[in-house]
Amino acid sequence: MNGFMKLLRRSPWSARIGLIIVLINLTAGVMAPIICPYSETEKAGDIWVQPNAENILGTDHIGRDLFTRLVYGARNTISIAILATFIAFTVGSLMGFFAAVLGGWTDLILSRIIDVLMAFPTLILALMVLSVVGTGTVPLIAVISLIASTRVYRLSRAVAMDIEVMEFVEAARLRGENIWWLMRHEILPNALPPLVAEFGLRFCFVFLFIASLSFLGLGVQPPYADWGGMVRENAGAITFGIMTPLFPAAAIAVLTVGVNLIVDWFLHISSGLKD
Amino acid sequence: MKNILELTFKRLLLGFGTIIVISMLIFIGVEALPGDLAEAILGQDATPETVAAFRAELKLDLPPHVRYVEWLGNFLQGDLGNSLAGDRPIAEMIGWRFSNTFFLAAVSTVIAVPIALILGILAALYRNTAFDKTISIVTLSFISFPEFFIAYILIALFSVQFQFFPSIANIDDGMSLFEKLHSVLLPSLTLTMVVTAHMMRQTRASIINILSSEYIEMAKLKGLKRLRVIVVHAFPNSLSPVINVVALNLAYLVVGVVIVEVVFVYPGLGQLMVDSVAKRDIPVVQASGLIFAVTYVLLNLLADLLSIVTNPRQLNPR
Numbered sequence: 018m019n020g021f022m023k024l025l026r027r028s029p030w031s032a033r034i035g036l037i038i039v040l041i042n043l044t045a046g047v048m049a050p051i052i053c054p055y056s057e058t059e060k061a062g063d064i065w066v067q068p069n070a071e072n073i074l075g076t077d078h079i080g081r082d083l084f085t086r087l088v089y090g091a092r093n094t095i096s097i098a099i100l101a102t103f104i105a106f107t108v109g110s111l112m113g114f115f116a117a118v119l120g121g122w123t124d125l126i127l128s129r130i131i132d133v134l135m136a137f138p139t140l141i142l143a144l145m146v147l148s149v150v151g152t153g154t155v156p157l158i159a160v161i162s163l164i165a166s167t168r169v170y171r172l173s174r175a176v177a178m179d180i181e182v183m184e185f186v187e188a189a190r191l192r193g194e195n196i197w198w199l200m201r202h203e204i205l206p207n208a209l210p211p212l213v214a215e216f217g218l219r220f221c222f223v224f225l226f227i228a229s230l231s232f233l234g235l236g237v238q239p240p241y242a243d244w245g246g247m248v249r250e251n252a253g254a255i256t257f258g259i260m261t262p263l264f265p266a267a268a269i270a271v272l273t274v275g276v277n278l279i280v281d282w283f284l285h286i287s288s289g290l291k292d
Numbered sequence: 033m034k035n036i037l038e039l040t041f042k043r044l045l046l047g048f049g050t051i052i053v054i055s056m057l058i059f060i061g062v063e064a065l066p067g068d069l070a071e072a073i074l075g076q077d078a079t080p081e082t083v084a085a086f087r088a089e090l091k092l093d094l095p096p097h098v099r100y101v102e103w104l105g106n107f108l109q110g111d112l113g114n115s116l117a118g119d120r121p122i123a124e125m126i127g128w129r130f131s132n133t134f135f136l137a138a139v140s141t142v143i144a145v146p147i148a149l150i151l152g153i154l155a156a157l158y159r160n161t162a163f164d165k166t167i168s169i170v171t172l173s174f175i176s177f178p179e180f181f182i183a184y185i186l187i188a189l190f191s192v193q194f195q196f197f198p199s200i201a202n203i204d205d206g207m208s209l210f211e212k213l214h215s216v217l218l219p220s221l222t223l224t225m226v227v228t229a230h231m232m233r234q235t236r237a238s239i240i241n242i243l244s245s246e247y248i249e250m251a252k253l254k255g256l257k258r259l260r261v262i263v264v265h266a267f268p269n270s271l272s273p274v275i276n277v278v279a280l281n282l283a284y285l286v287v288g289v290v291i292v293e294v295v296f297v298y299p300g301l302g303q304l305m306v307d308s309v310a311k312r313d314i315p316v317v318q319a320s321g322l323i324f325a326v327t328y329v330l331l332n333l334l335a336d337l338l339s340i341v342t343n344p345r346q347l348n349p350r
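Protein chains in written order, with the numbering used here: chain X, 18 to 292; chain Z, 33 to 350.
Since the hints were made in silico from the structure, they are not lab data.
None of these values were measured; they are calculated from a predicted model.
Wrong hints could be hidden among the right ones.
[Stated by the list, open to error] Covered by chain X, per the in silico footprint, the following chain Z stretches (three or more residues, Cβ under 8 Å):
id, stretch
1, 47-61
2, 175-182
3, 188-202
4, 281-291
5, 296-310
6, 322-334
Heads up, the beta-carbon is just placed ideally off N, CA and C, and yes, glycines get one too.
Sequences and hints are given; from them, build the entire structure.
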């Protein structure tokens, strides 16, 4: 903790802004039921009311409080994104480590499968999978984890390949340690720094992807709040000069920039460059 | 030369292999549908005879590999089967929309490529100046923004505030080229912004990479003029990575175009695909997905081939 505080004191202003943005979003998401004046799906006034004292950001296309929706949107979108990123990392890095440690046929088959999946444009792959399995939160998380895990596989395999040829892994092998032990005690600790930075980048990708799918009406389903979906629902307002749909869209943009700022800082530290 | 031919041939083979595997996957994906397509469409009350007749009509009674070969054969001849909703031939629905999508992508490319290359080269030449840093921050934010955010900001500015362009980009065959351009300008500007950001950053990186290599240093030490160093020494070597960057980003347009078409209600292939996913009109999704995926693979293939062919190191082997 002490080391972290020290690191934080020396952090550049860009990383601090990023941290503040992420913390605000996380707090808002966790505390949603406490800070919101209304409930997630409650009608709070007329439709598309301009910002005022009762509805700080105005209301949406069926009169729900936009601020409340925005905070619940943070809760839903961010938790789905974190969950999907975690699944992608568990599956992707496990497969990548397996491929690197076992080599041979395991590596060949896994890598070719991943190659084919990566040959699809991501959004098109997602659209096709969703058309077959149907829309909903579970298919959404599954398809996004699948797509993100291919990129994680690539990175973790490459990193593990480098570690795998080191003497200490060879020594552990000769001691007769099994593959799980090798992966947990030798490969994982050494592969962690690049994987952590990748986690941030993947989170951004996953988060933007969820927003896009929800915007297309294929992600989080109504009546639950979700930033991408909110843009879609309120898009009609913009032609009347009502800026309502820009709030959730801006929220997406701000959070992505925030996470990117932190990742940049982290990459800078782990690359060992001074200033 | 032999080296290049061999590389090109290998890459072509790999590309077509990928396309075959992709088409198989798309076909198998539909096979894996829970339940039977016939029962899903006809409902539970259908008599076994109707189901059998329907299956025969859709040729669902044949074994999968026979149907795959037939499906692919028909696809190559332009027969994409019929849509489930409305029972219209898919080829008819897709043809016009495909040309619309192509038009949108082409306009975006024509705007984006020169801007990105010029900005990228300038940023590389004047790197670490205020100009470079400003461009870097601006492009980084464009990359972080979702496409629809940029799109709605453009709409709010140019079609609501100033009323220059329509917020709904509708085009039909009766319009003149100028009218078409006027109507697709906002969507293509959106795509341009996203693609330019990526393209410009990668161009900058590859030019810097080349400018910092030893033979450029050598050319400078020989006392050559700056212009000559860039045109004669740096340019031929930077051609290959830059062409690669351009082609890869055109492949990126394939994804971006779907969202932008939905925002501007543009009658393109992406819009059709999204609608069909929501309606679960699987044959249409299958056909448009295959077209998108093949375009993407072909553009990637083109990128690799061009970078093989334009690489001076490959052209003049020792």
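Worksheet item: Counting residues of the stretch 175-182 of chain Z that have a beta-carbon nearer than 8 Å to any beta-carbon of chain X, does the count reach 3?
Response: Three-residue rule met by the stretch 175-182 of chain Z, so holds; n is 6.
Fill in: Coverage of the stretch 281-291 of chain Z by chain X, judged on three or more residues with CB within 8 Å
holds (count 5)
Discussion item. Just to make sure I understand the rule, a stretch counts as covered if three or more of its residues have a C-beta closer than 8 Å to a C-beta of the chain. Does the stretch 47-61 of chain Z meet that for chain X?
Written reply: holds (count 6)
Worksheet item: Three or more residues of the stretch 296-310 of chain Z near chain X by CB distance under 8 Å?
Response: holds (count 5)
Practice prompt. Report holds or violated for chain X covering the stretch 322-334 of chain Z, Cβ cut-off 8 Å, minimum 3 residues.
Written response: Since three or more residues must qualify, the claim that chain X covers the stretch 322-334 of chain Z holds, with 5 doing so at under 8 Å.
Worksheet item: Are at least 3 residues of the stretch 188-202 of chain Z within less than 8 Å of chain X when you compare beta carbons?
Response: Coverage by chain X holds for the stretch 188-202 of chain Z (5 residues, Cβ < 8 Å).
Hint compliance for this structure: every hint is met.
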